[in-house]
Structure formats: C-alpha cells, structure tokens
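*Asks:* If you're matching them up, the sequences are chains A and B in order.
Every letter in the first sequence is one number past the one before it in numbering that gives the first Met the number 0, and letter 246, counting from 1, is 245.
Every letter in the second sequence is one number past the one before it in numbering that gives the first Met the number 0, and letter 42, counting from 1, is 41.
Do not take every clue at face value.
Pairs count within a copy or across copies, as identical chains cannot be separated in the list.
[Claimed, not checked] List of simulated lysine-lysine pairs, DSBU-like, C-alpha gap at most 30 Å:
1) Lys415 <-> Lys51
2) Lys123 <-> Lys51
3) Lys105 <-> Lys170
4) Lys273 <-> Lys313
5) Lys366 <-> Lys339
6) Lys196 <-> Lys123
7) Lys105 <-> Lys245
8) Lys313 <-> Lys339
9) Lys105 <-> Lys366
10) Lys28 <-> Lys51
It should be emphasised that the hints constitute simulated quantities derived from the structure, not laboratory data.
Protein chains: 2
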Amino acid sequence: MIRAEILTIGDEILYGQILDTNSQWISAKLTEIGVQVIRKTSIADRSEDLRKALDEGLSRASLMILTGGLGPTLDDITKPVLAEYFDSEMAINEDALGLIKGFFEKRGRVLLEVNRLQAMIPLKAEYLQNKMGTAPGMWFDAGNQRAVVSLPGVPYEMKYLMEQHVMPRIKERFSLPVILHRYMRTIGLGESFIADKIKDWEEQLPAHIRLAYLPSVFMVKMRLTAMGQNPEALARELDAQIALVKERLGDHVYALEDVEPIEIVYRLLKEQGKTIGSAESCTGGHIAAQLSSLPGSSSFFMGSVVAYSNEVKKNQLGVSDQTLSDHGAVSEACIGEMAKGLRRRLGTDLALASSGIAGPEGGSDEKPVGTVWIALADEKAVYPRKLNLSGASRENIIRATTLAALNLVRLHLTGKLESRP
Amino acid sequence: MIRAEILTIGDEILYGQILDTNSQWISAKLTEIGVQVIRKTSIADRSEDLRKALDEGLSRASLMILTGGLGPTLDDITKPVLAEYFDSEMAINEDALGLIKGFFEKRGRVLLEVNRLQAMIPLKAEYLQNKMGTAPGMWFDAGNQRAVVSLPGVPYEMKYLMEQHVMPRIKERFSLPVILHRYMRTIGLGESFIADKIKDWEEQLPAHIRLAYLPSVFMVKMRLTAMGQNPEALARELDAQIALVKERLGDHVYALEDVEPIEIVYRLLKEQGKTIGSAESCTGGHIAAQLSSLPGSSSFFMGSVVAYSNEVKKNQLGVSDQTLSDHGAVSEACIGEMAKGLRRRLGTDLALASSGIAGPEGGSDEKPVGTVWIALADEKAVYPRKLNLSGASRENIIRATTLAALNLVRLHLTGKLESRP
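Excised from the complex, chain A in its bound form (with noise of 0.2 Å):
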C-alpha cells in the first residue's frame, strides 16, 4: 500500500493561532483513492526543520503532501529551501507569471517584484497552476517511485489543486489498493459497554478489516475498514460484518452512515410530515437550536418554550402548582404536563420536554446533579424518560438530555418506543 505523509509548515499552527483544518481534508482524500496516511507533521518556518522533515518523511513514505510557506515574504522558506533540496535551479514560469499579473490587474493592485518572483519555480519541480491564488504548486519527483508536492496553505488555493492536480497525479502514477470504510452510528452506550458487547465479534475480524472507536459525549461512532483488491468482495465482507454487529447493539444504532442524529430525525420528519417543538428548562434552549440548525428546518420545527422558571412553566406551559409542590420540576408528572402544555398550545404533531438538574449546584440526595427527566408526546401518549447523568459536566448533561431528546423522536417515528421499558 502507498504510504503517504501530511507536512504543514507555520509558525502560527505551532503557536495554536490558527486550527490546522488542511491536513485533516488531505488525509481523507488520500484515504478515499486507498493511500495511507502514515503520519502527519507540523514545523515551523525553519529551513533546518524542513530540511530534516523531508529527510525523514522520504525514509518512512513514498508520497509527500507540504502545505504552507509559499507566500511572497521572507518567511515563506519552503520553495528555496525544497530547490536546494533536489539541487534545482529556479527560473520564471511564464504561465505563473501570466497568471500573477492577471490576478493582480483584477484587484487594480500593482504588481510588486515580491509578487513577480512568486513564479519563480524549481526547474526540476512539475508545475501545477493554480487558479485560486498566487502561489503555484509543485510536484517533485524525489527517485525510487517517491513524489514530493508542495501546496499553498490557504485552504480553497490547496483544495483546488488537490481537486484538479494531484489526486489525477497520484491515481495515474501510483498503484493504489482497494479500501472501503462503512460507519455505524450509536448513541446511549459508552465506549466500553459497547467493546465489552461485541468483543468476540471484533476478536474474530480478518485482519484486512480494522474497528475503530470514536467516542463523543452520549454517543460513539465506530468506523469498519477494509482494504484488498476487489471492490465488490470487500463491499459484501464489510456489509456482513456490520450486520453482525447491528444485530449485537439493536436500537441504539442510529444510522449505517456517518451523519448526526438530528439528520436522521429530521428525515424521519420530513418524510412522516410531522411537526415538533420543545418545551425545555435543563436544556435552555439546546433541543430548539438543534431542531433549527439544518436548511429547511422551518418545513417541521414551530417553535419551543424555554421554561428555566417555575413561573414560565406555569404560565406558558400550563404546569400546575400542584405538581411543583408535590412532585418538583424535576419529576415524571412535571416533565409530562410540560410536553403536553407545548403540544396543545403551539398545536404540533409531537413535542419533546425536558427538565433537571445540569448542576454544579441544585443537587439533593434525593435528586443529585445529572437527574434529568425527558418526555415525548404525541396525539395519544407521553413517553417520559429518566436519564442519569451524574458525573457529566454540566455542558455534557445538558448535551447528552439534548441528544436524548432527539433519540426519543428517532425511536418514536420508527415505531420502537412504545416496546421500550
């Protein structure tokens, strides 16, 4: 298989000025045509540093990808430095040159010499013209089947020539395997309930298949790898594996593709042509964001209730004294009169609730921080839901009810709630 290494170059990524969102993209281009990425590096604008990062990348690697270093001023060190590097003399590529000018008369900006010697290109480098920018591209044969490509690091100037340079290059030049991932989302189990639930499964895989865990608050997303010659074989071995698994966690698999749960809940809305809204005091307003947050969410989300007080929940909601004084805010009989309160007076289809302690303070024996309570109605019914978070942060219990929330929906409109404890 073709190892391929990440290099980024920059003070500002070292001093953690600024998120280095370029290499993640690289890497999943690269895994996509089936390269592996075996490493990625960040240096600083040093040409002792990238001088020995190249040393070492080309003795580990056959393919690598720089970005960063190219611009016009003095400390943009990686085109000298990669010059000298393969002993290449530089001259003015008159396309560069061409494209430059273009790029500045656009502006109605002057042409700077420091600009001009920007297509000022190694003879030895193959030039990759970029449309984007004013930093051309290189791609440098390094001997024994081995490239190195230095890229610009503003981020749509790399994409556009990966997009239209190097993936062709690589896919032309290099002999790729076949390798194919399938995802299965998870939400409500932890990491190692779930390692524990399928660990002879897992100890069983084939060793061109790996599982990898990639675990967020309330949720763990795990991913299947397969890597081989043919497509159609590995396709049916990963799809039986994965059904074996599915099998193994039941209910708590929100999705065979790698997408958030509100995505599948808003499908499930869509295409049932439900309406919802939320009535909410843990979450403050979370549970609304997230019904809100993709285009189009008008078509089913109304509105909700942010009811911290017990004074709102009262009079936007209909809660009534009684149950705060007997039972608390915190409670099954709270939680249902919310629901039904926001689903009678906003008049939708469903409407989720939620209320409880997201702490630090607030806690009692009887109820310690991370007792939270979530409640889902529709025309018949409420399906409350008792959650315990204790532990979680607060910004984590007030995710995890969130997620919940929207779990409670998903459940519901696939016809599994009702067969839930």
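Please build the complex by placing chain B on the supplied structure of chain A, with the hints as guidance.
*Replies:* For chain B alone, coordinates are given in the frame of chain A:
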C-alpha cells in the same frame, strides 16, 4: 527556552475522520507560559510508530505531550507501549479504580473488566487524577530534565488534566522565562478593520512585545505578549499599551480579560439584579442556550419563546397579523413586538428578540440571506438594530446574531445603548 512537542495518537486522525483540535489548544496553552512548541505529530494506533515517535521527540524536545489511545478497547495502545518504553511494571492504582467505580455506580452501570483495567498504571508513571472520565493521565520522567505526559484524547478530559495537573507541574519543574499576557476581547469589528485602525500603534511596539489576532465569528481576541526579566516593568508596559489600543476601539472592546461575552452579561445582570428572557426566530434557541449556559443562570434567566413559525410569533408573543402582512417577520416592527410581547408575558426586566434570514434558502432582493433584526426591550423602550451578515454561512449568521444580541444587553447595562445610532 523549553522546547516541547505534541503527539496525537489515533487512526481516526490519519484517516481524516476527526479534526484534531487538541493540539491547537495545547499549543496555545504552552505558548502562553513561554514553552516553545517546535513540532506536532500525528501517528496511527501502532506500537512501533509510537516507540519511534517517542525516540525522535525526546531527541529534540524536553517535554512531550501525548493525547489519545488511552481508551478501554483493543485499539488503544498508548499505555502498554509507554509501560514497555519506560521499562515499568503496571499495577492497579486504587485512587483511579475508586474514581472509575464511582463513575459507573453514579450511572448505575456495571463495572466491566475492561474498565477496571483502565486503572492499571505503569509504576514509574506519576498518576494524574482524571475526574472527567475513566482514563487516568500519566507523567513520566524521561531523564535529563525531560518528561513525557500522556492524556486522553477526549477534549474535555484532556483540558481538565492539562489545567489541573500538567500546567502546574510544567511551571514548577521547568525554568520558564517571564512571560506576561494581556487580552482584549472585541465584538462587532473585523480583523482587517481593527488592524487598519491600530496600524501605527502596532508598528511602534517594542521588539519584546508581540501582538496576536485571534479572530472568530463576529469577534476578535487580541493578545499582547511581553517577554523579559522584570515582571513589574513588563506589567506596566503592557497596561500602558493596552490603554492605547482600547481608546482606538471604544465600545467594541467588551473585556480586558479572556472571557466570552455571556460572562460579562452574566456579571452585569447579577450586579444590577435584572431578569431577562428571549424571543427568538432565526437564532432558534441559541440566545437562550447562552443565557442558561453558566451555573446560577436561573437567578436572572427566566425563559424564552422560540417563535420559528409565524403562528407561534402571533399566539405566543402577540405579534399582530397587520405587522406580519405589512412588514414581514424580518422587520423592525416585528422584532419590536416580539421583544415587548416576550417581556410582557414572562414579566422580565429585559427581553431580547431576533428575526432574520439565516439561509441558505429564503432570501430575496429586498431581504437577502444575512438580513437580521435584533432588539432589546426594557420597561421604557425598545432598542432595535439591523445586522447585515450576508456572505456568512447559516451557522455563522446564527452565531453572529446571538453574539450581537448579548452585546445589546452589555451596552444597555453599561449605559451605552441610547448613545448609539
């Protein structure tokens, strides 16, 4: 200067499946205290790659911070490799085991063997207590004043361990230069606009004082960093420089410390004993989510109505048919009725309202995507503002609108709102 390297471990990073935000956060933290980050590396979950990366890193740097690979599953190899690398036996750490047990008891989940094994720690490692999750942090003395620190990859766990255990140890065990920072947080101005406004000031900065711009949606964070020997003299210098910039940027400066706008709004509302709520259309609950984000929010945040549909605007906020038919929902008239209606129904001192076109659909020539109205209402008046956020993504329009609304509260409670156009 102390040289450090950051090593992030995980196939998911090399596959481009997740964006590594940890290394940026760690870089910024280390830079703040005068540690020089010279390289960042990402490697796969492979023992041999980790061993090599440790050798290389320790040959260049005196501090290595590792994240990832500490989970309970088979693909988590960091801990065994470190134990072997430092030639150390492993044993159950009772403190860690106690935390893990508590973690599972609180959630009413059974402790599995894989979880118990997370409490296994190499005896040569200094145990770093992780109260946010089940993976303990570890500090290894690598000899010759060098150290290797291993942290979980889950961002909130990594941040907790860095702040609680790692940063204090670095300050205590390495000799660091005197570095002082001053932060200035601005809202509502673009980076280039600020840069132009303070160009001459920036050019006269002495060499030992550096300015960094850290732009985000609708805000720019500015950090002045001074390095030297005498902390008192540096502090005086920085304060004098900050005063100069603040004068240039006026009311757009919302804090001379590194805090989010909600923190300032929170303090002002508590000091003045004012209550607040929000009536939200395009922000879809994000203003409420902000107002309820901090512990103790319930002392001033009563609740919100997310009025996504016009029906909800009419029935829950009392917006008139006339207003909606004559001016539409995205109008000064509608936003005013929303704010007043919310304030009247919830009985709060202050009410915020938002209505705009977040896109990508729904724009017109008269009201393109990014056209947004916000308003603040108090007992005397309504203060509407129009925002033009065209060109921004849906997500950023919502984010900017939310921040602009919070800014209205800050300006009002500091007596600056009336004076503005």
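*Asks:* Against each hint, give a clear statement of whether it holds in the structure.
*Replies:* Verification of the supplied hints:
| no. | hint | in the structure |
| --- | --- | --- |
| 1 | Lys415 <-> Lys51 | neither (58 Å within a copy, 50 Å between copies) |
| 2 | Lys123 <-> Lys51 | within (20 Å within a copy, 32 Å between copies) |
| 3 | Lys105 <-> Lys170 | neither (35 Å within a copy, 52 Å between copies) |
| 4 | Lys273 <-> Lys313 | both (26 Å within a copy, 21 Å between copies) |
| 5 | Lys366 <-> Lys339 | within (23 Å within a copy, 37 Å between copies) |
| 6 | Lys196 <-> Lys123 | neither (55 Å within a copy, 33 Å between copies) |
| 7 | Lys105 <-> Lys245 | between (48 Å within a copy, 28 Å between copies) |
| 8 | Lys313 <-> Lys339 | both (13 Å within a copy, 20 Å between copies) |
| 9 | Lys105 <-> Lys366 | between (52 Å within a copy, 12 Å between copies) |
| 10 | Lys28 <-> Lys51 | both (26 Å within a copy, 26 Å between copies) |
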